[in-house]
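What follows is each chain in one-letter form.
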Amino acid sequence: NAGVTQTPKFRVLKTGQSMTLLCAQDMNHEYMYWYRQDPGMGLRLIHYSVGEGTTAKGEVPDGYNVSRLKKQNFLLGLESAAPSQTSVYFCASSSGTASNQPQHFGDGTRLSIL
Amino acid sequence: AQSVTQLGSHVSVSEGALVLLRCNYSSSVPPYLFWYVQYPNQGLQLLLKYTTGATLVKGINGFEAEFKKSETSFHLTKPSAHMSDAAEYFCAVRGGSNYKLTFGKGTLLTVNP
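Here the protein sequences come in this chain order: W and V. Counting from 1, position 110 in the first sequence corresponds to residue 110 in the numbering used here; the numbering is continuous, with no gaps. Counting from 1, position 107 in the second sequence corresponds to residue 221 in the numbering used here; the numbering is continuous, with no gaps.
No wet-lab data here; the hints were simulated from the structure. The beta carbon of each residue, even a glycine, is placed where N, CA and C say it ideally should be. Please note that a few of the clues may not be correct.
To be verified - Selected chain V positions facing chain W (in silico; Cβ < 10 angstroms):
{"hint": "1", "residue": "V118"}
{"hint": "2", "residue": "Y146"}
{"hint": "3", "residue": "Y150"}
{"hint": "4", "residue": "Q152"}
{"hint": "5", "residue": "L158"}
{"hint": "6", "residue": "Y164"}
{"hint": "7", "residue": "I174"}
{"hint": "8", "residue": "F177"}
{"hint": "9", "residue": "A206"}
{"hint": "10", "residue": "K214"}
{"hint": "11", "residue": "G218"}
{"hint": "12", "residue": "G220"}
Please model the complete structure; the sequences and the hints are all you need to start from.
As structure tokens, then:
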């Protein structure tokens, strides 16, 4: 009954370092999403994927890259971390093509860039 | 294009009082509407959703929301607040075949004893 699992849960980086956040879902969902959450800003979509091997930009994609090599996994990469990328990152997934299907969220990754 | 406005970034109520969290949306196509709740240090959990049909939608934990097309609103209510309702609440809209959600900025609900 795992749902959406994000690793790691916490991370501190220095400016310029790189890292990859991993999202895994066990619900056989087609669509996966990466959001960032900042105080007073709600959730903003970084990148999303509508299926294995496909990715697309959301509203705040700069400084991030993603890959979806397997249907169950969606990776978010920071090539050269900047303090502005300090945030809480959430992964979500949803099924099918019906717009009434809700997104299921992981518990988040809290990332600090010093 | 679609957007969501949540009126009031912080709402404070007494335990047992009515909870009313406001959400207005704009969408160029018939919308699908969602309310999510986020407890501290957790992800978002679906409270309820409106797709088609009945305009009064019941969700988990005693919450409900009413879709009012004429007012482009989808306000969330609960007759009697409980301490465990303290959390941040997000309204979200998805328009037509667009599978992307647009979120409001959230309303933090505080429940006072």
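Which earlier hints turn out false for this structure, listed by number in ascending order? 7 and 8
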